[in-house]
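Chemist: Quick mapping for you: the protein sequence lines, in order, are chains A and B.
Taken in order, the first sequence gives residues 1 to 299; the numbers are from the numbering used here.
Taken in order, the second sequence gives residues 1001 to 1242; the numbers are from the numbering used here.
Be a bit skeptical, because a hint or two may be false.
No farther apart than 25 Å at their CA atoms in a straight line, the calculated lysine-lysine pairs in the DSS-like style are these [said to hold, decoys possible]:
#1 A:Lys170 - B:Lys1077
#2 A:Lys33 - A:Lys95
#3 A:Lys170 - B:Lys1128
#4 B:Lys1057 - A:Lys95
#5 A:Lys95 - B:Lys1059
#6 B:Lys1111 - A:Lys170
#7 B:Lys1059 - A:Lys91
Note that these hints are calculated values from the structure, not bench results.
Since we're looking at a predicted model, the values are computed, not measured.
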Amino acid sequence: MEIFFQQLVNGLTIGSIYALVALGYTMVYGVLKLINFAHGDLVALSAYIGLVIIMQLMGALSPTILIIATFIITIIITAIGGVVLERAAYKPLRKAPRLSAVVSALGASMIIENGIMLIWGPMPRIFPASVVPNTNYNIHGVYISLMQVLVLIISFILMVALYLFVNRTKLGTAMRACAIDQDAARLMGINVDKVIVTTFVIGSALGAVGGLFIGMYYRGIYFNMGWIYGLNAFVAAIIGGIGNIPGAMLGGMLLGIFNAFIAGYVSSSWSLALTYVLLIVIMIFRPTGILGERVAEKV
Amino acid sequence: MNKEKLLVVNNLVVAYGSIEAVKGISFVVHKGELVTILGANGAGKTTTMRTISGLIKAKSGSIKYKNKELRNLPAHKIVGLGISQSPEGRRVFGTLTVEENIMLGAYTKTKVNTKVLEWIYQLFPRLKERRMQLAGTLSGGEQQMLAIGRALMSEPEMLLLDEPSLGLAPVLVKTIFETIKQIKENGVTVLLVEQNAKAALKLADRGYVLEVGKIVMEGTSQELMSSPKIQEAYLGKKKKNN
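Isolated chain A (complex conformation):
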């Protein structure tokens, strides 16, 4: 039973990270019907940016302020990166066939990935051990680290905030309207371009938090990690129902827990393969994902 709870805690942690990254995929897909393949690489980039900031400022600031400053600066830079990506790779293709934008997304992904390699080299980089104090809490034999607590709490707060933003604010409602029908949204007076940029800003910012968590939790980062984490998060978004925001959160959590149980009870070398088995099974029984498209629209 201890393994079960231990893996549940680990699964929720990695699941939160998947969920944060998956939100970026799902939000952009919702508004543009485009899989932003470069999103995972933006996440990787944010981990490298975070590492640079930590290395520069460590010692000069107290640990708490260092972490807060790292998050804020990384989020801002990554969000700007997301906007640049949208302007450069997707906006010129807004009226082009869908496939052109997908190819552009793949190209942007390679540019960022190889850019990271050119700047920081092909060898893995390691986050310093003591960014977040290595404190462990023992709850009836289940270990939970301070880092895990931080990941869980911050992810939870961000997801609740995003949910409230999308469902309770004017701009959030406009975002949902754009996801349904862009022309109708324009007729409401919504500046669709502005909404698209907002979507990229929020998606990239959440991805930046995910990237920093990956760096601080796993410590090892490498230039092509965007593919692995991006792919997992993308699968999570599909499991939850791509385009559906609560779906991405749910899908991320489910995938994280699933992976942790595979690692705990079977073998971690099976986790990626079985992730796809899970994906296939879910696609067979719920082709639109768990929360995708439940409402039949009348025509």
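Position chain B relative to chain A; hints supplied.
Modeler: Here is chain B on its own, set in the frame of chain A:
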């Protein structure tokens, strides 16, 4: 009658690639009027409406609203000038609630005008009853009411209605047209595009007839209704068979 020109369309040409859907049309809508554009499928009615709202860019010609050229303005700015549209096919946001749809109509306003909201709920009591329901679950007629109500939330001086009777049961068509009359009586200028010529002409002050991208006839509703050509082509009164 008040003769202030609100909307002046001059020699408007709209093309999809090399195919011209609207081939140089000109028409005028005066303040307070209800003007209808009649025509069959593919005549260019919806294209005209979408061009006025800025969803499609015109190839040439001009669209002046209160003497301001609209041709190069993006759609979201045109709403702010006081023109709003209930588009063909209703285009309500199906996975949003009725109330959210209505509130989006007031997107350009910094504050929702509760008087307008009350007026809309008074025009369409059904929407008030169903305001927490998802718009996609409404019937076709209710969705049409929602599309019109939503368009009114921006407090437009000019309302563009594209085929409000499309696909509705005759009883509902009557209700919708009754409401359009009330909207006009409330001081809103209306440009109504319709295939249902009979109902539209009963309501309108003046009308234009559009055929394959060109205006082939214009006049007051009485003139159009009594024209033999209109009677035959649009009102279904065939001399011999009747």
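Chemist: Decide, hint by hint, whether the structure agrees.
Modeler: Quick rundown of the hints versus the structure:
1. A:Lys170 - B:Lys1077: Roughly 17 Å separates the two Cα atoms, so the pair holds.
2. A:Lys33 - A:Lys95: Given pair Lys33 of chain A, Lys95 of chain A holds - Cα atoms ~12 Å apart, limit 25 Å.
3. A:Lys170 - B:Lys1128: holds (20 Å)
4. B:Lys1057 - A:Lys95: holds (14 Å)
5. A:Lys95 - B:Lys1059: holds (18 Å)
6. B:Lys1111 - A:Lys170: holds (11 Å)
7. B:Lys1059 - A:Lys91: Holds - the C-alpha atoms of Lys91 of chain A and Lys1059 of chain B are around 23 Å apart, at most 25 Å.
Hint check: no violations occur; every hint is consistent with the structure.
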